[in-house]
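> The primary structure of each chain is shown beneath.
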Amino acid sequence: MDTDSKIKLNVSNGTAHVWSLEDIARLRREHQICGLLTGTLPHVAQQNVFLGLPLQLMPEEVVLLIEHGAAVLVDEQASHRIPTGSQLNSWQQQQKSKAQSSIPPLVDSTLNTPNLSEDQIQKRRLREEKRLAAAQRSTTPTEVSEDRLKATDSSNALQTAYNVDVPGASVEHPWYSPIVYESLESARAAGLWTFPNTQSEKARCAVFRDLWKQGYFMGIGIKFGGDWLVYPGDPLRYHSHFVATVHGGSKDHISPMEVVAHGRLGTATRKSHLLCKWHEQEDRVEYFSIEWAGFG
Amino acid sequence: MEGHVSYPILAPVIKKYPATAGPLFQTYNDLSLAQRWESLEVIDLSNALRGGFRGRRPGTTESSVVVPCFLTESLSMSWISSVFQDLPDVKDFYLAICTEDSSVVYYRMSKGIVKPPM
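So the sequence lines, in the order shown, correspond to chains L and D. Heads up, the first sequence is in full-length UniProt numbering, so the first residue is 1 and it goes up one at a time. Heads up, the second sequence is in full-length UniProt numbering, so the first residue is 1 and it goes up one at a time.
Among the hints, a few may not be true.
Mimicking EDC-like on lysine to aspartate or glutamate, the simulated pairs with C-alpha atoms at most 20 angstroms apart in a straight line are [as the list claims (entries may be wrong)]:
1. D:Lys111 with L:Glu258
2. L:Lys213 with L:Glu280
3. D:Lys111 with L:Asp283
4. L:Lys98 with L:Glu172
5. D:Lys115 with L:Asp234
6. D:Lys16 with L:Glu182
7. D:Lys115 with L:Asp210
8. D:Lys111 with L:Glu172
9. L:Lys251 with D:Glu2
10. D:Lys111 with L:Asp234
11. D:Lys15 with D:Glu2
These stretches of chain L come out as covered by chain D in the derived footprint (C-beta under 8 angstroms, 3 or more residues) [stated by the list, open to error]:
12. 233-247
13. 251-258
14. 261-272
15. 280-288
Everything labelled a hint here was simulated from the structure, so no lab data went into it. What you are looking at is a predicted structure, and each value in this text was computed from that prediction instead of being measured. From the three backbone atoms N, C-alpha and C, an ideal C-beta is built for every residue, glycine too.
This is chain L alone, in the form it adopts within the complex:
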C-alpha cells in the first residue's frame, strides 16, 4: 500500500487522532479498530453522549496499525507551516467573498408597492436608516459592504449577518504540508511517538495484538476497572464478554482481594474477567478467566 492510501494518524502531544470520516469507517470495517470519538458538538456542548470528530486512538491501537502498515503517523505541529503573505491574502479574500455571498440578495421592495406616495416613501427611507444605524451600534457582528449600501437607495431592508465557515480538517489549508512517519522506529527517532517504552507497555501491546488477532474488538476499560473491554465483534452489535487486565513482569502479583473485586464486578455485569500475561520469550499470551462461583 503506498503512503497516500494509508490512514493518517494525526499526532499532537503524544496522542493520535483521526479527522477523516472515511478513515474512521475504514478503521472499523477493515481493521477492527473502533477508537473513541472525543469531539463535542457545537450546538450541544454540555453533553457527552453524542460526540463527533476527532477519533482518538489508544496507544496500543496506534502501534498495531503502524506495525501492520495500515496507517502512518503525522507530526501535526510540524505539518502546520507559517502561511506566506500571498497565502494569507488569498485566504482573506476567500473569507470575504464567502461572507458576501452568504448575505441573501436584497429585494427591491418599491417594486411591490407602486402606489406609495412621496410621503410614505420618505417615511420608509427614514425607518431603514434608523434600522441600519441600530444594527451598526449593536454587539452582534455584522458587516455590510460599501457597494451594497450604495445600491440600496435606502429604501430596502438590510440583512447584515453572515455565516463564518470554520474548516474542520487542516488539509483544506494550503500551508498544511504533512510530515509523515511510516514506522515506529522513525517516529521514535524523531521524538514524535515513543510508545511502547517500558516493559509493561510492551506487554500491553503484545496482549492487545493477540486478542485482536483472535478477532476481538477492544474498548477502553476504565468504566469496569480494567485495561480493556473485550467484544466478540463490533461493539455496535455486541455487548462485551470480558474485562481484561494485563499482568506479568513487575505486575505479576495478584491479591485474592483483586480476584474478588474483578470476579464480583464481572458477574454483576454479565462479563468475565480476563487475566492476561505475555510470555516474552515464547511470544505467546496466557489467559485465565475469573467469575464468581455462585455459591459461598
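Fit chain D to the given chain L structure using the hints.
Frame of chain L, contents of chain D only:
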C-alpha cells in the same frame, strides 16, 4: 485444630504444607458442612505448594476441584498456572478465599478465554 473431627482426613497434607493449614481446614469444613459437597477427597498440589479438594457440588454429577488460599496471600499468574500444571486434565477450579472472620468466598478460575454463562 488437632482435636477437630475433620483433622484426621487433612493431617497428611497439613503436615506437608503447614503454611496453608488454616485455609485448608476452613475450606474443608465449609465445603462439607455448609456447602454440602459430596465425595470430598483431599488432593496434593505440589506445584501450588498446598493441598486442595476434589468433590461434587450439590446437584452436579461432575467433580470439581477447590484450591484454598488466605486473603492476605500473594498470588500470581505463575501460581495460577502452577495449579493447572498440577491438574493436567482440569479446565477450571474454584479458588476458595478464606478470611479471618471465617468467611470463605469462591471464585472460578478457568484456563483460557472462557465466555461468561448466559
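> Given as covered by chain D, does the region 251-258 of chain L meet the bar of three residues or more with CB within less than 8 angstroms?
Since 6 is at least three, the answer is holds.
> Is it true that the CA of lysine 111 of chain D sits at most 20 angstroms from the CA of glutamate 258 of chain L?
OK: lysine 111 of chain D and glutamate 258 of chain L at ~18 angstroms, within 20 angstroms.
> Tell me if the straight-line CA distance from lysine 111 of chain D to glutamate 172 of chain L falls inside 20 angstroms.
Distance ~52 angstroms between lysine 111 of chain D and glutamate 172 of chain L Cα, so the pair is violated.
> When you check the alpha-carbon spacing of lysine 213 of chain L and glutamate 280 of chain L, does it fall within 20 angstroms?
Holds, at about 17 angstroms.
> Are the Cα positions of lysine 16 of chain D and glutamate 182 of chain L separated by 20 angstroms at most?
59 angstroms, violated
> Quick one, are lysine 111 of chain D and aspartate 234 of chain L close enough, alpha carbons at most 20 angstroms?
Judged against 20 angstroms, a Cα distance of about 25 angstroms means the pair is violated.
> Against the 20 angstroms threshold, does the CA-CA distance of lysine 251 of chain L and glutamate 2 of chain D hold or violate the hint?
39 angstroms, violated
> Are the Cα atoms of lysine 115 of chain D and aspartate 210 of chain L separated by 20 angstroms or less?
17 angstroms, holds
> Is lysine 98 of chain L within 20 angstroms of glutamate 172 of chain L, Cα to Cα?
Holds. Lysine 98 of chain L to glutamate 172 of chain L sits at ~15 angstroms (cutoff 20 angstroms).
> For the region 280-288 of chain L, count the residues whose Cβ lies under 8 angstroms from any Cβ of chain D; is that count three or more?
Three-residue rule met by the region 280-288 of chain L, so holds; n is 3.
> Does the structure keep lysine 15 of chain D and glutamate 2 of chain D at a Cα separation of 20 angstroms or less?
Holds: lysine 15 of chain D and glutamate 2 of chain D sit about 11 angstroms apart, inside 20 angstroms.
> Mind taking a look at whether chain D covers the region 233-247 of chain L? Criterion is 3 or more residues with CB to CB distance under 8 angstroms.
Per the Cβ count (3), the hint holds.
The structure fails to meet hints 6, 8, 9 and 10 from the earlier list, while all remaining hints are met.
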